[in-house]
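A.B. asks: So the chains spell out like this:
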Amino acid sequence: MIEVKLYATLRSLVGSKSVMFQNNADTVGVVLEELIQKFPDLDGAIFTEPDVVRPFVAIMVNGRDIRHLNGLETMIHSNDTVDIFPPIAGGSAPCTRNRFA
Amino acid sequence: MELGGYANRVARIDLTSGNVSYEEINEKDARLYIGARGLGVKYLLDNGPTVDPDGPDNMLAFMNGPLTGSEATMSGRLAVVTKSPLTGTITDSHMGGWSAARLRWAGFDALLFNGRSETPVYAYITDGKVELRPADDIWGRGVHETVSHFQERYGDPLSVMAIGQAGENQVRFASIINEDDRAAGRGGTGAVAGGKNLKAVVVKADDSTMPKAADRDAWRPVHQRALKTILDSEVTAPRTGGLSVYGTNVLMNPVNAVGGIGTRNSQETQFMGAEKISGETVREDLLVGDPTCHACPVACKIEVEIKDGPYAGLHMESLEYEPAWSLGANCDNDDPRVLAKIIDQCNDYGMDAIEIGNVISMYMEATQKEFVSGGGIAWGDTEAMVEAADQIAMREGLGDLLAEGTAKAAEQIGHPEIAMAVKGQAVAAYDPRALKGEAIGYATSNRGACHLRGYTPASELLGIPVKTDPLEWKGKGELLKIFQDLHAFSDSLDLCKFSAFAEGAEEYAAQYEVLVGVPITADDVMIAGERVYNLERYFNNLNGFDGKDDTLPSRYLEEPGTGPASGSVVELDEMKSEYYAARGWEDGVVPESKLRELQIID
Chain F
928 MIEVKLYATL RSLVGSKSVM FQNNADTVGV VLEELIQKFP DLDGAIFTEP DVVRPFVAIM
988 VNGRDIRHLN GLETMIHSND TVDIFPPIAG GSAPCTRNRF A
Chain P
7 MELGGYANRV ARIDLTSGNV SYEEINEKDA RLYIGARGLG VKYLLDNGPT VDPDGPDNML
67 AFMNGPLTGS EATMSGRLAV VTKSPLTGTI TDSHMGGWSA ARLRWAGFDA LLFNGRSETP
127 VYAYITDGKV ELRPADDIWG RGVHETVSHF QERYGDPLSV MAIGQAGENQ VRFASIINED
187 DRAAGRGGTG AVAGGKNLKA VVVKADDSTM PKAADRDAWR PVHQRALKTI LDSEVTAPRT
247 GGLSVYGTNV LMNPVNAVGG IGTRNSQETQ FMGAEKISGE TVREDLLVGD PTCHACPVAC
307 KIEVEIKDGP YAGLHMESLE YEPAWSLGAN CDNDDPRVLA KIIDQCNDYG MDAIEIGNVI
367 SMYMEATQKE FVSGGGIAWG DTEAMVEAAD QIAMREGLGD LLAEGTAKAA EQIGHPEIAM
427 AVKGQAVAAY DPRALKGEAI GYATSNRGAC HLRGYTPASE LLGIPVKTDP LEWKGKGELL
487 KIFQDLHAFS DSLDLCKFSA FAEGAEEYAA QYEVLVGVPI TADDVMIAGE RVYNLERYFN
547 NLNGFDGKDD TLPSRYLEEP GTGPASGSVV ELDEMKSEYY AARGWEDGVV PESKLRELQI
607 ID
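Residue numbers (my numbering), protein chains in the order written: chain F, 928 to 1028; chain P, 7 to 608.
One or more hints might be untrue.
Stated by the list, open to error - PhoX-like, lysine-lysine: derived pairs with alpha carbons at most 25 angstroms apart: (1) P:Lys34 x P:Lys480; (2) P:Lys234 x P:Lys600; (3) P:Lys313 x F:Lys944; (4) P:Lys600 x F:Lys932; (5) F:Lys965 x F:Lys944; (6) F:Lys944 x P:Lys282.
Everything labelled a hint here was simulated from the structure, so no lab data went into it.
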């Protein structure tokens, strides 16, 4: 079993705090595909286009952001937890971004 | 002074003699240090950096910035700047609501209090004048009763920035609270006011005198651009953005998910009860309103009403993330009704709701480890927590010890290692083992441990302005410097820090340029912020603070986090080296060459 937990405004799109999947091992991308098949309203909230996660949406596997793992190709296994957060805080701060780059 | 934006009027109030004098702002200082936080630190430095923070020579400065109370979005902020009785460092603490705007509409950029009144007084401010009036009849009352007293006496519109019993009793983390329960919360500003016998600052003014840009044609597009970034942001957008819908406590779940919620005085870093005290749960179960501040469409405040249990009927604001952590996870309490109760106590007594959660959790750990005799306070004993808040404010019984703050109280217990504090001020709601930017942030903050000096969780957690790995230490010193400098500038304007979730240095520069009339670039913004940050550090250096004080509790260095932060400890020495190199400091000290480069000294 893999548990996908949803937070903040995403909860109203699925009507619950989490969704369970029977998969034993799969990539995050595959599990998200199944999630969106069940709850199509999540598509626009998570992706801008297929396989492109919206800016500032955080997807974590066992507390690690997939941007620091293998992205949507990150493997998940039975008893793992996937957390999905909408852009709960963030913004552009364009000047600061340039400076950091 | 010829600059626009400012009222160009400062009141110096000598509480010892009762004399009030007025002066203009020195234009060179305004150009260098902008206002609010930056200019306030300059006034404190000129007052004498080595004064006793508990004595009459300490200055208590209420500081507006050139944008405060204007039409600029999120401009309802002022800074209270003083030498902290909690840390011995410079400190500034900002409040929202309408008090700052009213102070500007009453014709002031700054109120500088010195001395000590023999009897309790309050300052009555209206139409460019300050009067000291007796406050004997309200001494001993809480903030809420004090506000009601003045509202009945003077009528609306009115702002009241007051201390409660905690300030009067010089609890080292006492706050100054205004009529909207917005707090100059950290650093013990209320204790300084209490030591001066200053009960309140009462401001009578309305928006008919709101400052407006002289060049309307120039202002309109600049204002619209800044406002649009706020309205369009997925975070700050009114009624849809995460911050607007759930308030700051929307952070409880994501920080917990990465293993960044200090639990049981940071003995662990993930809290099983986080969902129960999260912004999502509070919104579903307790929310009754979402009030806002001057010129702010975001309305992030969370007004709640308790419907059942021992605190049924309590109506309060605002249930924020930081106290939800300090009084929640950190004390092993997962009841949001208790959070509301104790935050309301803090608002009425006038106390820092972050520090109090830390000092109680420290005492809970002391109880657990049998460092204290008697009953102590057990983890999750919410009745004892409520009672402790009463005792701290009144300095009664155990409260007299805890009123000294987390670090000093732990030292008196004989176990300073269980104080999660830096330079005497307790940490905030981001465990540095899970979010390494906060490690170097807490260690080097000029006002003691603080998440707001440089908000690196924006990058580590949310990807703003770039996503960095929260468990990686490399690069965080450089990242922190950018955040610290940017925030130092916005704190000097004084715009709400949440503006940075949408706006950047370019928006700040554009608004400053039109309102003040001084051409300025985004680069200039960052340099001005750097100057303010170095001025603060210079103040602290003159008080003997250096690299040895830029440190962290040993727990963060030796005891790994839990959950996703398992195995992680802080690489403090490496981070400090990187940070000092970025700053150009020598072991935490600003060299003379840097002071000259930034025009802090001639």
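A.B. asks: Are any of the numbered hints broken by this structure? If so, which, sorted upward?
C.D. replies: Violated hints (numbers, rising): 1, 2 and 4; every other hint is consistent with the structure.
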